[in-house]
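Quick note, the sequences are listed as chains A and B, same order.
Residue numbers for the first sequence follow full-length UniProt numbering, beginning at 1 and rising by one.
Residue numbers for the second sequence follow full-length UniProt numbering, beginning at 1 and rising by one.
Just so you know, these hints were derived from the structure itself, not from any lab.
Take these hints with a grain of salt, some might be off.
Unchecked claim - 30 Å max Cα-Cα, derived DSSO-like pairs, lysine-lysine: (1) B:309 - B:299; (2) B:205 - B:189; (3) B:205 - A:160; (4) B:302 - A:37; (5) B:299 - A:36.
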Amino acid sequence: MNETILTPQELIDRFTTAFGKSISDQRIQIRAEGVKKIQNSNIWMTITRDILKPAISMLKEISYPHLSVISGWDVGEELRMQYIFSIYFGERHGEYMVIFTVPLTKDDLVLPTISDLIPGALFTEREKQEMFGVTIQDIPDGRRLFLPEDFPEGVYPLRKDETGVPDSMIKHLWQVKRPTDRPAPPVTEREEEPKAGAEDTKVKKEEKKGENPPPEGKKPEAEVKSDE
Amino acid sequence: MSEGTPTKKAPYVVPIGPIHPALKEPVQFLFDMEGEVVKKADFAPGQAHRGIEWMGMRRNPIQIIHMTDRICGICGVTHSFAFARAIEQIVDIEVPAHAEYIRVIIAEFERIQSHLLWAGVAAHELGFDTLFYLAWRVREEAMDVIEYITGNRVNYGLIQVGGVRRDITPEQHPTIQKCLDGYRDLLGKMLNLFLKDTTIAIRCKDCGLLSFEEARNLCTVGPTARASGVPKDVRVDYPYSAYGDLDISPILPTAYGGDINGDVYDRIVVRLLEVAQSVEIIETCLKEMPEGPILWEPKLPKLLSACKKAQGEAVGRHEAPRGECLHYVAMDGHEAPAMWKVKASSYSNLHSWIPMLEGEQLADVPIIVASIDPCLSCTDRVAVIRGAKRDLMTKEDLHQLSVEKTRRIQGC
Numbered sequence: 001m002n003e004t005i006l007t008p009q010e011l012i013d014r015f016t017t018a019f020g021k022s023i024s025d026q027r028i029q030i031r032a033e034g035v036k037k038i039q040n041s042n043i044w045m046t047i048t049r050d051i052l053k054p055a056i057s058m059l060k061e062i063s064y065p066h067l068s069v070i071s072g073w074d075v076g077e078e079l080r081m082q083y084i085f086s087i088y089f090g091e092r093h094g095e096y097m098v099i100f101t102v103p104l105t106k107d108d109l110v111l112p113t114i115s116d117l118i119p120g121a122l123f124t125e126r127e128k129q130e131m132f133g134v135t136i137q138d139i140p141d142g143r144r145l146f147l148p149e150d151f152p153e154g155v156y157p158l159r160k161d162e163t164g165v166p167d168s169m170i171k172h173l174w175q176v177k178r179p180t181d182r183p184a185p186p187v188t189e190r191e192e193e194p195k196a197g198a199e200d201t202k203v204k205k206e207e208k209k210g211e212n213p214p215p216e217g218k219k220p221e222a223e224v225k226s227d228e
Numbered sequence: 001m002s003e004g005t006p007t008k009k010a011p012y013v014v015p016i017g018p019i020h021p022a023l024k025e026p027v028q029f030l031f032d033m034e035g036e037v038v039k040k041a042d043f044a045p046g047q048a049h050r051g052i053e054w055m056g057m058r059r060n061p062i063q064i065i066h067m068t069d070r071i072c073g074i075c076g077v078t079h080s081f082a083f084a085r086a087i088e089q090i091v092d093i094e095v096p097a098h099a100e101y102i103r104v105i106i107a108e109f110e111r112i113q114s115h116l117l118w119a120g121v122a123a124h125e126l127g128f129d130t131l132f133y134l135a136w137r138v139r140e141e142a143m144d145v146i147e148y149i150t151g152n153r154v155n156y157g158l159i160q161v162g163g164v165r166r167d168i169t170p171e172q173h174p175t176i177q178k179c180l181d182g183y184r185d186l187l188g189k190m191l192n193l194f195l196k197d198t199t200i201a202i203r204c205k206d207c208g209l210l211s212f213e214e215a216r217n218l219c220t221v222g223p224t225a226r227a228s229g230v231p232k233d234v235r236v237d238y239p240y241s242a243y244g245d246l247d248i249s250p251i252l253p254t255a256y257g258g259d260i261n262g263d264v265y266d267r268i269v270v271r272l273l274e275v276a277q278s279v280e281i282i283e284t285c286l287k288e289m290p291e292g293p294i295l296w297e298p299k300l301p302k303l304l305s306a307c308k309k310a311q312g313e314a315v316g317r318h319e320a321p322r323g324e325c326l327h328y329v330a331m332d333g334h335e336a337p338a339m340w341k342v343k344a345s346s347y348s349n350l351h352s353w354i355p356m357l358e359g360e361q362l363a364d365v366p367i368i369v370a371s372i373d374p375c376l377s378c379t380d381r382v383a384v385i386r387g388a389k390r391d392l393m394t395k396e397d398l399h400q401l402s403v404e405k406t407r408r409i410q411g412c
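The task is simple: from the sequences and hints, build the whole structure.
Given below as structure tokens:
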């Protein structure tokens, strides 16, 4: 591990000299908060898939990185995967974040595993496979992580195209009616009606009595709401 | 391990979990057992995945901020803090310094109550129920102050994009100070009860070990990482909010004079000393809190229209009681974020269970599982497969095993 601490700009320079055109859109996001306005910085770099592993190896040589998570963003024609690292932790006010964005075209959603470099990455790689439909090559454990076993294949919840969660799988709470196959609730109807609008409620009550089972009585209300 | 019928071969597979419906983080464990020793451990999370990110991508940031309150029942401010910081970076909002101090104060109160809750649970898992009652009783004082400041015990709804929704006025300081003084007096007693107790030492020392390399390579965070000697604390490393103004250092087990072993005992040390650190932080913040407004923009429609126009991506982080919590947000000029990824602290810590649990006894499972401060629900139902027979063990049975081990050690 290198003893000298690089500034964010020096880190970017080192990456650009090493990888040249494979790195684009590099920028430093600086923020100062509180009273003393001490600056914190996040480095963003867009890199190609080929240099993902060499770039992480290089980051490891500089300082062992902490991988927070791999995130993704479906922007339509491509998927952008963000590898969110922080380095130089343990240095007071010295830590900064390094975020590699790896764009992937939708017809070639393959990434190499980085769990051989950072074992803790396995967890989030498994999540990316099931949530975005990205294939992680050589992943040591390719099982699903969060999604249940009976979740349909080929549906990726965080995608925004046709492979995302279809409308048929979405349950709108306001459309959910009382189940019809169950007995009516053992609640006796109240004797006294509230004073306001007494006429209306009496009429409604009579309707309810006429129709059995009770879910039918609730139906008009549910329909009105679903129209909204 | 006699050579009996082929069905009764070791290792036995012991599944634990997956769920009790009321639990925050139900997890299923699978243990390959050889006698009482865990040979191989595996787990499957996600038994209660609610698709919060999916819901968030159909709402605007101000609606999401109230949804983030409800991601976790204990970290009521953590997620809204991290999310608000991400949005503030995208929209380029400067949060008033006064509001930053209020955010830090409430975040530290949350740490106090969360660590005390954990301490109580740990004592309960060991069968030390008097200590459990004590820890949970003193936790109430922090809960009361949180209620005093925010109006709620959980789901505080304090953080807003660009600031906080309620002020801490000078008239409130004495009540808060009284609570802090109470904790300062109590700390010696708690340290004495937890760390000088022979039984706790026997059960927790050299139990659930996680080495420095494992903690670093598995990307663990928070007290779990610090107990293994990884000096990672976002509050210290990364100057954000009012934490940049404070003079703090990460708490490692060496702060109590011992070596770093990375065992359950060290995790107790780190958490208890962090309660003391939080008390100091809150006092400093109360003293040094600058004057000023509490919100960047009090009018919600204005705030919302600023958010709508914004484009870009950002990462908001906060050191939660359990470690780094991270929110990645991308906005593309629409009302709802284009992408929102929540990385809770336990997300980074769960996989450290595997090296911790392997080689340990079944009776130690509850305290080791608890030691990273996840939701304990995991151990709610245990099915023990011995040969073709399948016995169901409840959480109580497993807890009983742990209590019996304590009693055995005590020799009573």
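How the hints compare with the structure:
Distance restraint check for residue 309 of chain B and residue 299 of chain B: the Cα-Cα separation of roughly 16 Å lies within the 30 Å cut-off, and the hinted pair is therefore satisfied. For the hint pairing residue 205 of chain B with residue 189 of chain B, the CA-to-CA distance comes to about 20 Å; that is within 30 Å, so the pair holds. The suggested pairing of residue 205 of chain B with residue 160 of chain A is violated, with an alpha-carbon distance near 49 Å, which exceeds 30 Å. Taking the CA atoms of residue 302 of chain B and residue 37 of chain A, the gap is about 26 Å. The hint holds against a cut of 30 Å.
Using a Cα cut-off of 30 Å, the hinted pair residue 299 of chain B and residue 36 of chain A holds, with the two alpha carbons roughly 27 Å apart.
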